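Use these hints to put chains R and D onto chain A, whose structure you have.
Chains as they are written, first to last, in numbering that gives the first Met the number 0: chain A, 0 to 372; chain R, 0 to 327; chain D, 0 to 578.
Everything hinted at is true.
Pairs of lysine to any residue residues, derived as SDA-like cross-links and limited to a Cα-Cα distance of at most 20 Å, are as follows: (1) Lys130/R with Arg28/A; (2) Lys223/R with Ser116/D; (3) Lys91/A with Ile111/A.
Now the stretches of chain A that chain R is said to cover, found in silico as 3 or more residues with beta-carbon under 8 Å: (4) 212–218; (5) 300–308; (6) 330–343; (7) 353–359.
Derived by calculation from the structure, the hints in this document are not laboratory data. Since we're looking at a predicted model, the values are computed, not measured. Just so you know, even glycine gets a beta-carbon here, dropped at the ideal spot from N, CA and C.
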Amino acid sequence: MVDISAVNIQPDRAAVASQWQLIWWAFKRHRLAMIALFVTIAMYIVALVPGFFAINDPVLQNARTTFHPPQRVHLIDTTNGLSIGLHYYPLKLTRDPQTLATIYTEDTSRKIPIRLFGRGYEYSVLGLFDTNIHLIATTDPSRPLFLFGADRLGRDVYSRVVQGAQISLSIGLVGVFISLLLGVVLGGISGYYGGRIDFVLQRVIDFVLSLPTIPIWLAMAAALPQGWPATVQYMMITIILSLTGWAQLARVVRGRFLSLRTEEFVAAARLDGVSEGRIIFRHMLPSFSSHIIASVTLAVPAMILAETSLSFLGLGLQPPTISWGVLLREAQNIRSIATAPWLFMSGAAVVIAVMALNLLGDGLRDAADPYNK
Amino acid sequence: MLKFIAKRLLWMIPSLFAVSFLAFVLIQLPPGDYVTTYIATLAASNEIVDQNTAASLRERFGLGDPLMIQYFKWIWGILSRGDFGISFEWQQPVSGLIWERMALTLVLAVASLIATWAIALPIGVYSAVRKYSIGDYMFTAFSFFGLSVPSFLLALVLMYVAAVQFGQNVGGLFSPEYETASWSIAKMFDLMTHLWLPVIILAVSSTASLIRVMRANMLDELPKPYVTTARAKGLSEFRLLIKYPMRIALNPFISTIAWLLPNLISGSVVVAIVLNLPTAAPLLLQALMAQDMYLAGAFVLLICALTLIGSLISDILLALVDPRIRLE
Amino acid sequence: MSDIVPMTPRKPLLDVRNLVTQFPLRTGIFKAVDNLSFTIEAGKTLCVVGESGSGKSVTARSILQIIDSPGEIASGSIMLNTADGLSVDLAKLHPRSKAIRNIRGRDIAMIFQEPMSSLSPVHTVGDQITEVLRLHMKMTKAEARNEAISLLRQVEIPNPEQAIDRYAFQYSGGMRQRAMIAMALACRPKLLIADEPTTALDVTTQAEILDLIARLQKSFGMAVLFITHDMGVVAQIADDVLVMHHGVAKEYGPVEQIFHAPQDPYTRMLIGSVLKLEQKAEIRLARPPLDTSAKPILEVRNLSQHFGTLKALDDVSISLLPGETLGIVGESGSGKTTMGRAIMRLYDPTAGEMLYRKADGSVVDLARLEGAALKEARRELRMVFQDPFGSLNPRMTVAQVIGEPLLVNGIARGKELDERVCHLMEQVGLDPRGRERYPHAFSGGQRQRIGIARAITLKPRIIVADEATSALDVSVRFQVLDLLMKLQDELQLAYIFISHDIGVIRYMCDRVGVMYRGKLVEVGEAEKVCNAPDHPYTQALLSAIPRPDPRDRDRSRRFRYTEPATISSSPIKNGSSAR
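In isolation and in its complexed conformation, chain A is listed as follows (with noise of 0.2 Å):
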């Protein structure tokens, strides 16, 4: 029964709600899910065309702006009068006379203003065309704004983030996708077939789920040859990373569809003179799909983890492929993140995402079923 009480909708809409619109209901009631929904959106499409969100050219080194720290940015302006525009000022070095420590001070004699969809460096957009509009440009390109700070090597750590994004996200989807269709077909298999498929696809799939992956990654990832193009690069890690990860989305899919072949409406379905291919797509496949969205949901974060802690110890992506656990390599020495803590916003941007896809996938895992209440 749909508990319409609980929607609060009136009953002549929800007579005619599909599952979708009934899931959708559900769904929004939850309000952190549905923030979660919009970091979530929101993050893909920085992934997406992450240039137009960069500042500076984030593979660009320069030995003047080494640990350079985060600048402020401004929006009303008092020296000379009052004016309002987002601007920033440039940082001045010096020196404790004493103590000959390094002290950045703004020097608030030179504003620079900040101009929204500006001109900056040229970045290619999906491999489509290129162009150089920035969602923030410096008027000032020799005094450039370090939003995070910079690197090691001078590079806008900002800039770096949001690059990373493109690699660190996607490899989610991929790797899930691979999983998915691994997971799908073996968990559809044994739960359609059942009997001995089943019993052998079952035991493997719990040896796989009982084995601790971080090792086998290592020893996976350590057989990938240094030299591979990054592309390549990148397809192997997520088949490393999806070959452990199906197997909880076969076991999800498996219960699935044992469950579901004892339910008597497709027991109707099939005296209906329904085919079973049709019995499978029309009336199985939309009985659990939004069970897979939301358990899928919930694996895309467990991936985004691992190529963060593969490429961290350095046996993921290398650089100069940019990803978030690339970047945090950079944090790995204590020396370093003593000087420069702001190394760690690439750690925040894994937090923030993950937390995000993490409260997604659970807002969505609770409203997957709108007919059990």
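Positioned in the frame of chain A, the structure of chains R and D alone reads:
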């Protein structure tokens, strides 16, 4: 019951073989072998190794044999005399290198498991019983946060805080004076004072997921009719909670050992590398990088075996506490 | 004991006045019980009767303050007056207070509908009984154990010394309810609240449990508040009756008055619906007699269906005439559902033939059909399922559900399909304007009509109806039964009507087959089998059915059928068990 345990134990044999084969294949995967790596290292320091030396090295390590022969030689060595082969890099038997590190890995994993349970169980029950209370929201927020922070990042942040705020180095499992000392009460005590930090780091993420598991289990059990029956008997709310729904929600909780242990061991690998703990992980990483195949293979095998034993224990525990499994 | 309510100067044991129990919901406040008043005298039985959603169960739970969250007592009083002159208003006590906990299980005990889920799966039965004794009677472990064994003996559980250490899942359904009763009666309560305690049980087991409760009630001198939807049970056990509908009392009075001089139209409808099942349906009385010389449309010969070692069907032979309604009756586990599903070829029969005579006179064996031929036969043999919720895909609109057989068999599509669906919905009494709605927008009775529309879509000749009305409330049940008979006249259908309810069989069927443990023990004219059966099992079954007349309370004629010379599987198993 005995039959169940016997069946479960019997099942361990093919599993262990599968794991050992997997471990062996994994360490064989890299193109080339240790000798290639060795020659490359020497070449980097301008030493030239002639073909004869390379061939004799290969001969010595049996690297020329077909894969299956090498595997059987390896596994036979392990089974018959506990010989895991020779570490090329350390030039000594693998068995001399691994046991203390494996033991510390196990200590770390079990300590984290206990910590995880001790924290997650009461919080999960509380969250379910006081659903949608302020406390529940706080614990839920904590668990989502804990799920989202990679353990190595947590380790890094803690190291940073300790170094910058307190000027301390928190890595390792022993104080410098005990690192090479032989085992003693004092060394054990020293271990305890160092163990808590990695244990907490590891426990955070697993606690987070276990709180969710326990909360969901409890929420499943709380509306069941047998709870109403117990209430209708006049039991106090606390007593009936402990005796009935919690007791029954514990069963799926026990089965979490099966995946919690692999997770903890997995997580401990990265954390151990960051914190430079003398567990298996840093040596495994080093061995993998250097293609020191027998050393790496021994670690992968033993770590996998450990998790298999974990799931064996959880299955047996489950049968012990759940009469439905024991008697059906 | 049924004719007069004694007017004692004593206060009644329980006096409920103007009770309101409500559930605050997102959309407002739902009053599950609204301004209800009744009393229970010591040693007497009050039956609260009503259909689903009437608030009868909430009433029972309000007394012990164990209402499911977020329900709460909003107003009213529940005075409990004990023999020692003490009075306490249960409605004023906090649900978690020590005061109410001392009353629960000691002064007032409760048993529930589902004995399996109401007992803990991981504690022994003995553990759960001794717990009450130790809690309220402060017994030692050993005392409590001895007392528990003696209680199990009193509720007639065989080998109580061993049974005490077993788990609920090792008991049969009837035994579980006995264990629940033993637990409830452990502290000799003054009032036993029984919430549909026999609904999940077979009719023969029900009779035994009712007898047991009556016997213990007499020997303990306790009052019983009995919640049920079954007017037959009410007639057999009640002193007073409270009829509830949508949370309010419709009628309240002595059982004699309720059954023989009902005042309220709703009460009259409830009683009328039970009395209707005492005879043939009116529609059938008007029909010309069946042509018994016609060749059977379906002949089942020596059909067996084994699942592993379980012989669900064992050498069953029966035939069905064109236009006939053949009833199959039996208790749970008798194989009647397996029979329906085997005929539909949802299983592959282990042995035997099912000869189906097509409209052109040719005969096919359904047991051997495969592929296209089976598909073709299934167009003419259709099924109506028991569960009106599970048998409709919740993700398809009603039009899609009803139209699917037409679509997949390539009979109609597009506009023509839509027109056929509209026509079918009208035929089963549904408004075709609702065809774009999803099943969740329909009530149980309406859903069953959708299921029937789907069954007649392909112009079938035989319909197998498996407990088609068991899940429905009595008020709806007759509408669906009458619809089936109307369609039978319109479409010349033959029915195989599977039911556990002899009354429904008597109302609907021309002939009836009685099943017991996979075997067909008796086949004959419905009138004869339902009134004067030959086989001792059928006789026992009939004797166990509670007669809906309080003047006809003769428990002595009831008896249990024991199969001659069979080995019982386990000493503790007895009565019905889950399938």
